[in-house]
Amino acid sequence: MISSVHGAWLARRLILSAAIGGALLAAAPVAHAQITHCDELTAHPADPHRVVQGLAFAQINPQQAIDACTAALKDDADNQRLRFELGRALERSGALSEAAALYRRAAEAGYAAAQMSLGALYQEGMGVPHDETQATAWFRKAAEQNHVLAEDALGTAYRDGRGVPRDDGQAIAWLKKAADQGYEPSRAKLLDLSAKAVPRAAPVVAPKPTPAPPTPPVPPAPSPQTVVPVPVIAPAPPPPKVAPAPQAAAPAPAAPPTAQATAPPAAPPAPVPATTPAPVAPKVAAPAPATTPTPPQQQAAKPPPSANLPSADDPQFASGLGAALQQCIVPEAKSGHYSSNPGQSTELLIGKCQQPWMAWVNDCVAHGGTQDSCIAKSAGFAQATIQRFTN
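Note that my numbering has the sequence shown beginning at 2, numbered continuously upward.
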């Protein structure tokens, strides 16, 4: 069974090989060399020195290829192409240390495809210690020989600052070289780099227009000063005419009516009956609903444990390539041959649903996802689907 670590590595290698488009395959293989059975079973489509069209990593039959390449290299021990191809067959089988040793011999002899593959092993720490600096150094050697995958890998290293200081200028230069050879992932990375560069200048312009509005409130200030002439009220002298106050005594008899007026105030105390609404009785009815909470407990038991994994409702899995991937995964999930752990999910994708899976991941990358995030999302979807039919 595939381990989760080796499964993730194998997944990336499968996608990497599948991403090599028709433009790369259009280049004619080297015609002057003798074709061996090893070449037919293991040649890399992006190897500038291949003698046949080449196979994607997923198409290699490991045991057949190892046997054929071992025999071919025995007959031609100095052939670095055959040494690289035997390393590729061993890598496909999972014998990563042996593959790294063969890649190193061919890489030190200047074979570009072996330099690229050795760099990839160093970058992932598979078969050799993890070493970003070594990885980038080997990518550079291969890129300087126009190896398209190495140009993309070196440009990506500069973009992300892996093994070298981050440098968008160098990233663009190397990615453009790969894109010019028809490598679509490099073209997508170039678009992403240019899209990120645009928003940086935009925010500075926005704040300037805001200061203008404060000026309108200034004109209203003078108007209150014109109102100050209120001192005209000085004619306060009229109060002397208040002498008729004696007449005010006449209104005193009106006091008796006030006694009648006092009668109405007695009415306010009446609101005391408002206490009668003490319908505490309705509150007693509240205990009855206490029996109703039992149904919610039944509902709480219903929801199955759900991980944060993509579901069939995810737009990326609901139609098109996602639907094709579902059609492959669902019957396998129902068969009960797989458990819902990450290693088993990856094994299902690689072993049974390889073609629709690789097509979906390539489409995901073309729409802005990273290769690792797209692989992780598809593996999560497979895991969620298996859970749905095994729980």
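These aren't lab readings, by the way, just hints derived from the structure by calculation. Idealized CB from N, CA, C, for every residue including glycine. Worth double-checking, as some hints may not be accurate.
Simulated crosslink set (DSS-like; lysine-lysine; CA at most 30 angstroms straight-line) [said to hold, decoys possible]:
#	residue 1	residue 2
1	Lys-335	Lys-197
2	Lys-335	Lys-378
3	Lys-178	Lys-197
Computed spacing ranges between beta-carbons, pair by pair [what the hints assert, rightly or not]:
#	residue 1	residue 2	range
4	Leu-194	Phe-390	25 to 33 angstroms
5	Gly-95	Asp-373	31 to 39 angstroms
6	Gln-35	Pro-130	19 to 27 angstroms
Now for the hints, and whether the structure bears them out:
1. Lys-335 <-> Lys-197: With a Cα-Cα distance of about 43 angstroms, the restraint between Lys-335 and Lys-197 is violated, given a limit of 30 angstroms.
2. Lys-335 <-> Lys-378: Status holds; Cα separation ~20 angstroms.
3. Lys-178 <-> Lys-197: With a Cα-Cα distance of about 20 angstroms, the restraint between Lys-178 and Lys-197 holds, given a limit of 30 angstroms.
4. Leu-194 <-> Phe-390: 25 to 33 angstroms: For Phe-390 against Leu-194, whose Cβ atoms are near 42 angstroms apart, the range 25 to 33 angstroms is violated.
5. Gly-95 <-> Asp-373: 31 to 39 angstroms: Violated, at about 20 angstroms.
6. Gln-35 <-> Pro-130: 19 to 27 angstroms: Violated - the Cβ-Cβ distance for Gln-35 and Pro-130, about 37 angstroms, lies outside 19 to 27 angstroms.
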